[in-house]
Amino acid sequence: MHHLTEFGTKLPRNLTIKTKEHRILVADTLNTTDIILEENSSLTLVAVLTKGWTEKQFLNFYLDGENATLNFIAMIIAKGSNEFPFETISNHEIPRTSAYYKVRGAMFDNSKVYYKGNLIIKKGAQITDTHLAHHTLMLSRNAKVETIPSLEILADDVKAGHAATIGRVDEEMLFYFQSRGLDKKTATTSLTRAFMHSDLEHIPDADARMVVAEMIEKELNVQ
Amino acid sequence: MAVPTQTKKLIDTTFGTYKFGFRTHVASAFKSPKGLNEKVVRKLSERKEEPKWMLDFRLRALEIFEQKPLPQWGADLSKIDFENLHYYIMPPEKGMKNWGDVNPEIAKAFSLLGIPQAEKKFLAATSAQFESEVVYSSLHEALSKQGVIFDSTDNALKNHPEFFKEYFGKIIPSNDNKFAALNSAVWSGGTFIYVPKGVEVALPLQAYFRMNSDNMGQFERTLIIADEGSKVHYIEGCTAPVSSANSLHAAVVEIIVKKNARVQYTTLQDWAHNIYNLVTKRAYAYENAEMFWLDCNIGSHVTMKYPAIYLMGRGARGEVQSLAFSGKNQHQDAGAKIIHAAPDTSSIINSKSISKSGGRTTYRGLLKVAKGAHNIKAKINCDALLLDSDSRSDTYPTNIIEEDDVNIAHEATVSKIGEEQMFYLRSRGLSEQEAGSMIVNGFADPIIKHLPMEYAVELNRLIEMEMTGSVG
Chain E
1 MHHLTEFGTK LPRNLTIKTK EHRILVADTL NTTDIILEEN SSLTLVAVLT KGWTEKQFLN
61 FYLDGENATL NFIAMIIAKG SNEFPFETIS NHEIPRTSAY YKVRGAMFDN SKVYYKGNLI
121 IKKGAQITDT HLAHHTLMLS RNAKVETIPS LEILADDVKA GHAATIGRVD EEMLFYFQSR
181 GLDKKTATTS LTRAFMHSDL EHIPDADARM VVAEMIEKEL NVQ
Chain F
1 MAVPTQTKKL IDTTFGTYKF GFRTHVASAF KSPKGLNEKV VRKLSERKEE PKWMLDFRLR
61 ALEIFEQKPL PQWGADLSKI DFENLHYYIM PPEKGMKNWG DVNPEIAKAF SLLGIPQAEK
121 KFLAATSAQF ESEVVYSSLH EALSKQGVIF DSTDNALKNH PEFFKEYFGK IIPSNDNKFA
181 ALNSAVWSGG TFIYVPKGVE VALPLQAYFR MNSDNMGQFE RTLIIADEGS KVHYIEGCTA
241 PVSSANSLHA AVVEIIVKKN ARVQYTTLQD WAHNIYNLVT KRAYAYENAE MFWLDCNIGS
301 HVTMKYPAIY LMGRGARGEV QSLAFSGKNQ HQDAGAKIIH AAPDTSSIIN SKSISKSGGR
361 TTYRGLLKVA KGAHNIKAKI NCDALLLDSD SRSDTYPTNI IEEDDVNIAH EATVSKIGEE
421 QMFYLRSRGL SEQEAGSMIV NGFADPIIKH LPMEYAVELN RLIEMEMTGS VG
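Protein chains in written order, with this note's numbering: chain E, 1 to 223; chain F, 1 to 472.
Be aware that one or more of the hints could be misleading.
What the hints assert, rightly or not - If you only want the chain E side, here are some residues facing chain F, beta carbon under 10 Å, derived: (1) G8; (2) P12; (3) L15; (4) T50; (5) G52; (6) I94; (7) M107; (8) H134; (9) K144; (10) L151.
Everything labelled a hint here was simulated from the structure, so no lab data went into it. Ideal Cβ positions, reconstructed from N, Cα and C, are used throughout, including at glycine.
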């Protein structure tokens, strides 16, 4: 399967992934867009988000053709008083489409993330396979996260679910690192890196993975 | 085909039958004319011989109700005709302490519902509300000697006004939402419970609510105060005759769980399918206290109900276990709200829903960790079972976290009766009916097992017996 990888700063307002097309988009911001996936197509949209925005952005995905697959991967490194308000809506219109959402946020300082992810399986859209996960690592007492992972299911022969976790850096892991001579700050950065890297494996292209890892690294090393 | 036709048929018969649809023929002592206005509220308050502050409270609430629009989210409420309802219906008599003194027709109705029988067997107290008033209420002598108060809210307002000044309308103010305002304006009946310091009530207390007339509104008001170190388990059940005319049930339940106390509130909601059930329930749990809502929604046309727990004191614990069934023409929009407002608090929400024959279930929840509430543990689990392709399931959980020292996990799944599960059970010699029943029961079991045994047996029997009966 040949993947076409693009690195862009902004998503187009409208985008259609044509039949048998397989695209990877790496973006550094999210903006309102309508994206249609046709039959046998796939889109992996990776967003490495470090600069916030003020107005809520809406990303609508229409899975209009059989065997269309969407992978949405968002990695948020939220610092300062940056805010990240956005909503994703996946519309499964016909049978046999898939969508997987992986959203991860490392929350520093006074940052805020507002995320609503809605998975809509329309009537008759059987054999849909969809899942959404939103994991948040709280690194500051003043950060705030609001997450609404939603499901609207009107067909019965489907796999649909979501998961969300919110927590701090694991105390035991920190202790282990510190007992091996790392200072607390380095240990925390290492664990944050590991947390952010967890979804890298879902990017189906080595070059794109490399670019994304570098983007994360750059932001984690900023003091 | 997701579910074999046979299984579908048997599930239809299971949740499609309503056992409590009979009607009682009895003349009411008073019935307010249809519609809601200041006159209706004044008349109601006058009949109840209430203090002036309560009448003022009602009139203010009526204004709020009229000002507030219908909620723009959740279930469809546009078909409620507020002008076509009776807001107060008084049964022939009220407040009896013996079943023998209750109007025989009404006593017969409660007997058919098994209330006096249950009272004898395993309850510490029982109250029965018919239309707008509590017709019967009794408490074991041993408990009243210990200072436990269990009475209709109307009586308690007369006999224990001190509690009302401090707590009434404080947990759920009239302006909380449109239906809390409506209840505050025309509330009647409901249960008042006070459990003194250190008193543990071992057996459950039960209240049963019956609506008998068409086009009526039932607005009971419940206030429960569990003093420090006390324990109490309250069970409510509700049913109504089957009818095509819509009725409205809008209750308000306020609970105060003081330091080291525990309250369990169990609801078995089995209203007939013409009832709009729009209820506001909220508890405040203080230091090391525990609040447990067990919420089973099986009946009604539309339910909107999200039992809430505010964890106000260090070490408080909250739990909501809920089960919802939706069949044809039903929408259960239910869930839970938990607010962590103090450190070292923990909570669990576990919701299970089953939809069939075009029914719709919605889980709608809120988990909030407020600033300053550190060391928080919270777990939310929502599972939905869809039994056919006409039905619908929604999940809308909101999580708002303003602290870093938290450990929060949320998970939701939607599934159907698996062909493999069915095949496995069939290969072990179970009929399709038995297998289907076992799978549905197995799905609901984690919630049902929290019920007192007598109720769990009843709920299980409802599923199993009806399924067996539908063979052939």
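Status of each hint after checking the structure:
Because the closest C-beta pair between G8 (chain E) and chain F is about 31 Å apart, greater than 10 Å, the hint is violated. The criterion of a C-beta within 10 Å of any C-beta in chain F is not met by P12 (chain E), whose closest approach is roughly 30 Å, and the hint is violated. A least Cβ separation of about 28 Å between L15 (chain E) and chain F goes past the 10 Å threshold, and the interface hint is therefore violated. Given hint, T50 (chain E) at the interface with chain F, is violated; its Cβ is 20 Å from that chain's nearest Cβ, farther than 10 Å.
Taken as an interface hint, G52 (chain E) does not check out: its beta carbon lies about 17 Å from the nearest beta carbon of chain F, beyond 10 Å. Hint status for I94 (chain E) relative to chain F: violated, with the closest Cβ pair at about 14 Å, above 10 Å. Because the smallest distance between the Cβ of M107 (chain E) and any Cβ of chain F comes to about 8 Å, under 10 Å, the interface hint for this residue holds. The interface hint given for H134 (chain E) is met, as the beta carbon of that residue sits about 9 Å from the closest beta carbon of chain F, less than 10 Å.
The beta carbon of K144 (chain E) comes within 5 Å of a beta carbon in chain F, closer than 10 Å, and the hint placing it at the interface holds. Because the closest C-beta pair between L151 (chain E) and chain F is about 4 Å apart, less than 10 Å, the hint holds.
Hint violations for this structure: numbers 1, 2, 3, 4, 5, 6, all remaining hints satisfied.
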